[in-house]
Amino acid sequence: MLPLAERQRGFAAALLDSEADVPPGLVGPDGVPSARRFAVYRNNVAAGLSESMTITFPAVRRIVGEEFFTAMARAYVLADPPRSPMLLDYGSGFADFIASFPPAATLPYLADVARIENAWKESFHSADAAPLPPAALAKIPPDQLAGMRLQLHPSVRIVTSRYPVLTIWRMNADGGEPAPVDLNAGGEDCLVVRPAADVEVRSVPAGGAAFLRRLGEGASLGDASEAGFAAAADFDLSANLAGLISAGAFCGYTLEGAAAPEKE
Amino acid sequence: MPETTGLHSQAAPATIPARAGVGLKPQHYRDILEGAPDIGFFEVHAENYMGEGGPPHRYLTAIRERYPLSLHGVGLSIGAERPLDRDHLLRLKHLNERYEPGLFSEHLAWSTHDTTYLNDLLPVPYTKETLARVSEHIEEVQETVGRQMLLENPSTYLAFTESTYSEIDFISEVAKRSGCGLLLDVNNVYVSSTNQEWDPVAYVDAFPLQLVKEIHLGGHAPEKDEAGRPLLIDAHDREVDRIVWGLFEHTIASAGAVPTLVEWDANVPDWPTLNAEADLAEAVLARAEPGDMQRAAAG
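Residue numbers (the numbering used here), protein chains in the order written: chain A, 2 to 265; chain B, 13 to 311.
It should be emphasised that the hints constitute simulated quantities derived from the structure, not laboratory data.
All C-beta atoms, glycine included, are put in the ideal place defined by N, C-alpha and C.
Among the hints, erroneous ones may be present.
[Stated by the list, open to error] Just some of the chain A residues that point at chain B, by a computed CB distance under 7 Å:
| no. | residue |
| --- | --- |
| 1 | LEU3 |
| 2 | SER19 |
| 3 | ALA21 |
| 4 | VAL28 |
| 5 | GLY49 |
| 6 | LEU50 |
| 7 | SER51 |
| 8 | THR55 |
| 9 | ILE56 |
| 10 | LEU79 |
| 11 | ALA131 |
[What the hints assert, rightly or not] Under 10 Å between C-beta atoms, here's a sample of chain B residues computed to sit facing chain A:
| no. | residue |
| --- | --- |
| 12 | ASN60 |
| 13 | MET62 |
| 14 | ASP97 |
| 15 | ARG98 |
| 16 | GLU209 |
| 17 | ASP211 |
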């Protein structure tokens, strides 16, 4: 008798390879092998996973059209199938796949639109936390500001792009109206954050993405500012900080020498 | 129904009444919270609530405060030869603790091979080896989660030449060995019976109904195989078929009233349409005697 491990190995391999022969011993009610019946499972796997991509990447779908999207999503799910039954986490590799997918090469910004949409989904499902209120920083002695470490809100994601990707994403998101975009207008960086119920996608000013990334790595405010200035000579620390706090991008901080983080 | 005691965090009772429930879809969150429909219970796919936070948990918490909840896993891969995914099992345990569902179920199917999650409920051959593996896995689930699991009968599109048990003998033996309860999906009975050329009424009559603690109903899509024989697909994308309603009435006449869920997962309709499907199931249950489980709970 065919051992279960061997049966499932052959079944799984044939599911993911549309060219593969149907494994032997899979039959209809007459005992005769049935390719059509096996194809139901094969189609369920590809269609189910590409449907999950449709839910996560609606703007990418709107940009390329349904037919192109379905073909690209099916190619992706076969090349990079999920590694966990946690399908909420699936699709994080789709942007890189798009970037290397030759038929999408004429849309160089498309991968970055996918990065925003994946960040949106991650932010949506991230842990809840109360954002640091704007008044919190006013309590901090000025001589301790440079050494303080801000804790990013769990929902924060950063997407950087050489293209006006936030503009493109907004036009193609639900309710958006597509219009001509100058791809040479300069890059846009975005902050994705869910301070309460709703995910928000905001534009980040020059140097802000580098600043925020360093903060996320645990750098002090002083060290992170240096990263901001290194990325953009016109980096404006107070404007960036005020914008991030009003966006709800932080949920706590530690002061130099303090044992435990401050929470609001 | 007696209310379960010992609930600290949830306002609604945990115990699922012998009434009709529906599968909870995000499209209907607001209809449910604002309209407060008279529905026996809601059921969720566990995997949709495994994120760390966000709106899904907020809505489910609010709905759980108002209704009994049933937790239905679709990704544990109990029928796989490989060991269960411990991380996934612990996520199921955590959801059980957080939401205190009245019933907890999974499928007689596999969906993970090596490290790949295949996202479908794949069929198992009914052999001694599979029987031992599935029973061990269910024992591990029940031990880890700390409660009884219900095992759902599959919808299948093909058969394995190596099978040596009938589906019902296989399921009965798994329940005997593992101590699990059963979830009878009446649409799956009809889909599999059509696809395998079994008699669906005889299937229900031979099924160990005394172990059935929940029933599922859903819609299927009619197709054909290469020989022109009917091939029904368990699509959950439309109303419950008229023949399946008849089979459900037949089941309830034998089993008594059992909590019954209407599943509609694709082409999800507006709330009134789904609510109307639940009302049809409720009418059948209202005409029936309480099932074994309800008699036991009441007595």
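Hint check:
A distance limit of 7 Å between C-beta atoms decides the matter here; for A/LEU3 the minimum to chain B is near 5 Å, and the interface restraint holds. Below 7 Å, beta-carbon pairs count as interface contacts, and A/SER19 has none with chain B, the closest being about 14 Å; its hint is therefore violated. Interface restraint check for A/ALA21: the shortest CB-CB distance to chain B comes to about 14 Å, outside 7 Å, so the restraint is violated. Residue-level restraint check for A/VAL28 holds (minimum Cβ-Cβ distance to chain B is 5 Å; threshold 7 Å).
Checking A/GLY49 against chain B: minimum C-beta separation of about 5 Å stays under 7 Å; hint holds. Look at A/LEU50: its Cβ gets to within about 5 Å of chain B, closer than 7 Å, so that hint holds up. The restraint placing A/SER51 at the interface with chain B is violated, with a minimum CB-CB distance near 10 Å, outside the 7 Å limit. With its C-beta approaching chain B no nearer than about 12 Å, A/THR55 sits outside the 7 Å limit, and its interface hint is violated.
Taking 7 Å as the C-beta contact cut-off toward chain B, the hint placing A/ILE56 at the interface is violated, the least distance being around 10 Å. Against a cut-off of 7 Å between C-beta atoms, the interface hint on A/LEU79 is violated, since the closest Cβ of chain B lies about 11 Å away. Of the supplied interface hints, the one on A/ALA131 is violated, with its beta-carbon coming no nearer than about 12 Å to a beta-carbon of chain B, more than 7 Å. Below 10 Å, beta-carbon pairs count as interface contacts, and B/ASN60 has one with chain A at about 7 Å; its hint therefore holds.
Because the closest C-beta pair between B/MET62 and chain A is about 6 Å apart, less than 10 Å, the hint holds. The interface hint given for B/ASP97 holds, since its Cβ lies 7 Å from the closest Cβ of chain A, which is under the 10 Å cut-off. Because the beta carbon of B/ARG98 sits about 12 Å from the nearest beta carbon in chain A, more than 10 Å, this interface hint is broken. About 4 Å separates the beta-carbon of B/GLU209 from the nearest beta-carbon of chain A, less than 10 Å, and the hint is met.
The interface hint given for B/ASP211 is broken, as the beta carbon of that residue sits about 12 Å from the closest beta carbon of chain A, more than 10 Å.
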